[in-house]
Amino acid sequence: MEQTKNEEILRMTNICKDYEMGGEILHVLKNVDLTVEKGEFLAILGPSGSGKSTLMNIIGCLDVPTSGHYELSGRTIADETESALALIRNKEIGFIFQSFYLLQRQSAAQNVELPLIYAGMPERKRKERVKEVMEKVGLSDKMDHLPNQLSGGQQQRVAIARAVANNPSILLADEPTGALDQKTGQAVMDLFHSLNDEGRTIIMITHDRKIAGHAKRIVRILDGIISEGDVEDA
Amino acid sequence: MHNMNMFSESLKMAISNIKNNKMRSFLTMLGIMIGVAAVIGLVTIVQIASDSIMGEFSSMGAGTLTVIAQGTSLKSGLNENDLDKIRNIDGVDAISPYVMLSAYVVVDNEVYKKVDIEGDDVSYFAHNDRIDKGRCFKDFEMDGYTQVCIVDKTFIEKTLKGKNPLGQIIHLGGYDYKIIGTQKENNALTGGASDKGDSEGNIIIPYRNVNRINFSPNVVNLYVYVKENADASEVEKNLRSELKRIYNNADNSFQIMNLESLLNVMDTIQGMLTTMLGGIASIALLVGGIGIMNMMLTSVSERTREIGLRKALGAEPIRIQIQFLMESVVLSLIGGAIGIGIGCLIAFVAAQLMKAKFIVSAGAILLGVGFSAGVGIIFGWMPARRASKLNPIDALRAE
Ligand SMILES: Nc1ncnc2c1ncn2[C@@H]1O[C@H](COP(=O)(O)OP(=O)(O)OP(=O)(O)O)[C@@H](O)[C@H]1O
Ligand SMILES: [Mg+2]
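Taken in sequence, the protein lines are chains A and B. If you're matching positions, the first sequence starts at 1 in my numbering and goes up one per residue. If you're matching positions, the second sequence starts at 1 in my numbering and goes up one per residue.
Any given hint might turn out to be false.
BS3-like cross-link-like pairs, simulated, lysine-lysine; straight-line CA separation at most 25 angstroms [stated by the list, open to error]:
1. B/K19 x A/K142
2. B/K12 x A/K127
3. A/K91 x B/K389
4. B/K12 x A/K131
5. B/K12 x B/K22
6. A/K127 x A/K183
7. A/K210 x A/K183
8. B/K113 x B/K75
9. B/K138 x B/K178
10. B/K85 x B/K12
11. B/K153 x B/K113
12. B/K184 x B/K12
13. B/K227 x B/K237
14. B/K184 x B/K114
15. B/K184 x B/K133
16. B/K22 x B/K113
17. A/K127 x B/K19
18. B/K237 x A/K125
19. B/K114 x B/K161
20. B/K12 x A/K91
21. B/K12 x A/K142
22. A/K38 x A/K127
Bear in mind the hints are in silico, worked out from the structure with no lab data behind them. This structure is a prediction, so every number in the text was calculated from the model and none was measured.
The shape of chain A in the complex, shown without the other chains (with noise of 0.2 angstroms):
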């Protein structure tokens, strides 16, 4: 695929998120600004507590910021019903969440199989569509295990498969290696400069500054404060 240079696939300015707790404002996210270009490698790097999830699921349209400007492929998010954010999660992007959250009483071929269901595919060109991920990420046969028959690299590989399953813009991984070794770990990271090579825009989320060196670009928060920084910086 062809990499337009200077495309915005998503811009965030001044974004704010508060929590309250026990009558006490709990400023997560302190006006954010982020701007991700179309196919870009972005990894989002900070400590734990740093407000690195709140971020992803305000990205990911699954939360709302407390103040602020989100726009996603074009579109203000703000103005967006219950309906279309299904939509959009659905169409635009591909979730990795830290604890896999796979069905467990669904296969593996099943849970990939969820996103194409909300997407309205018929039946047999999901079936194909499943082979096809399932093969890329090298588990074509584990289709029929149940989640808890699978090593913790293998399911993280079938939360992969699912993410990309339905062709998103951009793949919201929240700490992919977190549970992995290090050689699992690698693998994932090759998948992910696959599926970036392929054009795919990867907002990845990590602690880790060796995993954070895979990105091509590295944005820091610190203390929901966000700063650009590259790995050389870091």
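Keeping the supplied structure of chain A fixed, place chain B with the ligands upon it in accordance with the hints.
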């Protein structure tokens, strides 16, 4: 296409989730099962019972007024003059006196048989389907001096010994009667005059002939047939005033039974019983519905994270709602189907005990299906709505 897809996917998910919680699903279904079984069973039993009672009544004929005119000590029964007055009442189509007595008949000069003699008019046969072979009387045979008769199966078996009855001659009350027809043996009135049950058949002859044998020209029992377009209760009113005139307003001189109004009363009673019993059974359904709501609420809170994940992957609120609604509807429809089966079984056993014909009306089945689907939707609505309203991120974070 998209909607069908959504529907069938929701159905699949609902079924797989019910399977995943077999015990809980079964216990929840039990409430609906009992409720629907009670509704179907009771409604059908009421229907069967009243159908068999009504059937007996209406075989005697709707649009028929039955008169018992015992009369007074001065004037017993009705004479031909009175009968003519009744014939001429507005809305009266025809009348048929009904006379019975017990008598001996002689066949071939040797066999004496005790039989029931029944006297009817021509019009009686238009309202009562009793002729098997041959024919009924003709108007000119009603002069009281024409000896024709219609015999029943018992008489044929016991007396004629397999001979073709039509055209045979039997001796009765001093005259020779020709058999012109045979009776179907399906009328409950057969054998009514025999007190000891030792009657060996039933023979119908023109009613005036019976009066002659009886040495009494008067008629006590009478059927009055109402014209099809006339109002039976209006005719009944006129008949009542005519009879009052005939008997000079004497007390207890006659009775009129209007089968139609009796049938209407029965109908009303049946409706009331159905509503009342159905209402009581509905309480069981209500309890079943609350069971469903309880299970669905539990299911929603257990699966909060799953709901959050589905939403994150692109499930719209309406899809979540449909999925949960589908689950409660499938659950209560399965319960309802089993309930219908059990209800029919109960009704079947009851019908056997009442010796009545077992019928299940399509209405009762529809009622059962409708009730259970309705319970599923009504009591599944709130939990499903709650699931669809969950905020995805809160749901995902829930433990
Ligand atoms: N729902 C909430 N209510 C109150 N406070 C919250 C809520 N969610 C997050 N926080 C607070 O916001 C801060 C940032 O949380 P967040 O989950 O974004 O951290 P993180 O950078 O992802 O950390 P980690 O690397 O450990 O996952 C934390 O101090 C947390 O306590
Ligand atoms: Mg986090």
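Hint check:
1. B/K19 x A/K142: holds (24 angstroms)
2. B/K12 x A/K127: The hint holds at about 16 angstroms.
3. A/K91 x B/K389: Cα-Cα ~21 angstroms, so holds.
4. B/K12 x A/K131: holds (21 angstroms)
5. B/K12 x B/K22: OK: B/K12 and B/K22 at ~15 angstroms, within 25 angstroms.
6. A/K127 x A/K183: violated (30 angstroms)
7. A/K210 x A/K183: At roughly 13 angstroms apart (the allowed maximum being 25 angstroms), A/K183 and A/K210 satisfy the hint.
8. B/K113 x B/K75: violated (34 angstroms)
9. B/K138 x B/K178: Roughly 14 angstroms between the alpha carbons, so the hint for B/K138 and B/K178 holds.
10. B/K85 x B/K12: violated (76 angstroms)
11. B/K153 x B/K113: Measuring from Cα to Cα gives roughly 14 angstroms; hence the hint holds.
12. B/K184 x B/K12: violated (59 angstroms)
13. B/K227 x B/K237: holds (15 angstroms)
14. B/K184 x B/K114: holds (20 angstroms)
15. B/K184 x B/K133: Cα-Cα ~8 angstroms, so holds.
16. B/K22 x B/K113: Distance of about 73 angstroms is beyond 25 angstroms: violated.
17. A/K127 x B/K19: Given pair A/K127, B/K19 holds - Cα atoms ~23 angstroms apart, limit 25 angstroms.
18. B/K237 x A/K125: Given pair B/K237, A/K125 is violated - Cα atoms ~79 angstroms apart, limit 25 angstroms.
19. B/K114 x B/K161: holds (16 angstroms)
20. B/K12 x A/K91: holds (23 angstroms)
21. B/K12 x A/K142: OK: B/K12 and A/K142 at ~22 angstroms, within 25 angstroms.
22. A/K38 x A/K127: Between A/K38 and A/K127 the Cα gap is close to 29 angstroms, so the pair fails against 25 angstroms, i.e. violated.
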